[in-house]
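Chain order of the listed sequences is D and E.
Per this note's numbering, residue 57 is the first one in the first sequence, and the count goes up by one each step.
Per this note's numbering, residue 1303 is the first one in the second sequence, and the count goes up by one each step.
Simulated from the structure, these hints should not be mistaken for lab results.
Yeah, the Cβ is synthetic: ideal placement off N, Cα and C, and Gly gets one too.
There may be inaccurate statements among the hints.
Claimed, not checked - Residues on chain E that point at chain D, a partial pick, calculated with CB under 10 Å:
(1) S1317
(2) L1318
(3) T1320
(4) E1321
(5) E1322
(6) R1345
(7) A1347
(8) G1362
(9) P1364
(10) F1368
(11) D1376
(12) P1378
(13) H1397
(14) F1398
(15) R1432
Claimed, not checked - No farther apart than 20 Å at their CA atoms in a straight line, the calculated lysine to any residue pairs in the SDA-like style are these:
(16) D:K149 <-> E:R1351
(17) E:K1413 <-> E:R1329
(18) E:K1388 <-> D:G129
(19) E:K1388 <-> D:Q103
(20) D:K149 <-> E:K1388
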Amino acid sequence: MSASPWEEGRELPPFEVAATMERVIRYCGLSWNFPPFFYDPEAARAQGMPGPLVPGPLKLGLLYAAVEHWLQGQGWVRDVRAAHRRPDLVGTKLRIVGRVARVYAEEGRPRADLELAVLDEEGHPTVRGFASVEFGAGP
Amino acid sequence: MRFPSRYAARVAIESLLTEELRSFIGRSGPEVTVYVSAGAVERAADVFRGTREGLALAPGAPVPGFVLAALESDVPRVAPPEPLPKSLLVSNEWHFERPLRLGEALTAQAKVADITERLGGRFGQALYVRTEVEFRDDAGALVARSSMTLMHYDPSGASPAGEEES
Chain D
57 MSASPWEEGR ELPPFEVAAT MERVIRYCGL SWNFPPFFYD PEAARAQGMP
107 GPLVPGPLKL GLLYAAVEHW LQGQGWVRDV RAAHRRPDLV GTKLRIVGRV
157 ARVYAEEGRP RADLELAVLD EEGHPTVRGF ASVEFGAGP
Chain E
1303 MRFPSRYAAR VAIESLLTEE LRSFIGRSGP EVTVYVSAGA VERAADVFRG
1353 TREGLALAPG APVPGFVLAA LESDVPRVAP PEPLPKSLLV SNEWHFERPL
1403 RLGEALTAQA KVADITERLG GRFGQALYVR TEVEFRDDAG ALVARSSMTL
1453 MHYDPSGASP AGEEES
């Protein structure tokens, strides 16, 4: 069994991503789901929101992308979870942060659990996340 | 015995988790075949990576799991009745037993995994509906699972601070 390249407690470098309208519209097309408050400012205001919201499932995919980026091809993502705490507005920058919470082996393969968060431009967590990764090419 | 009035008010609330609603727990939609196509992988990479650079698109090559976002849109859902007017995404999750591979066909099926009720709290009386989509290979082995929990609530019973709409 090869060892984990990560050690417990390691802080992973922040992964920044722009929650642009283009990205949101592409996501709506990908998932074929078009609630107007994701892309129409008037529809969002009619729902009592200050502006269009970043879809929650899009943020799950961004967490996945951050973990994949941190892995640098050294492994694959087994689990990723997002608990949505606050809305993020379209047009803002999101910062995804992660910390290696646990390194262990299962079925003879090195794995790690990560604690994740999406932070808004003020540094408030809008999503609490979790991921589990396995090092190596996979079964 | 007399109960404090606050407790009496609480127990007087009628549960929204009716037998009809409960009957949806475990109910599945039809099985459909979905394909891990190059187009789906590329479009998902556009969204989540912002680039298609670095994608290995040879048949059988492992592909990023975020392609599930595209695949699950092809899976018919089971829709329980919604007795409350608003809904909010509470959480969602992807689980993989192994990396997905380009070109593979998977059998996908959605189901209502659970429905629970919560009384009190920030959103007042609320129903939590957890749905899952399972993706299986030719042998029936689980390859991936996508799940999400939606909370249904009545804004008239909620506090002003809001969260994200689903």
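query: Going through the earlier hints one by one, which of them does the structure break, listed in rising order?
result: Those not satisfied are hints 1, 2, 3, 4, 5, 8, 12, 15, 18 and 20.
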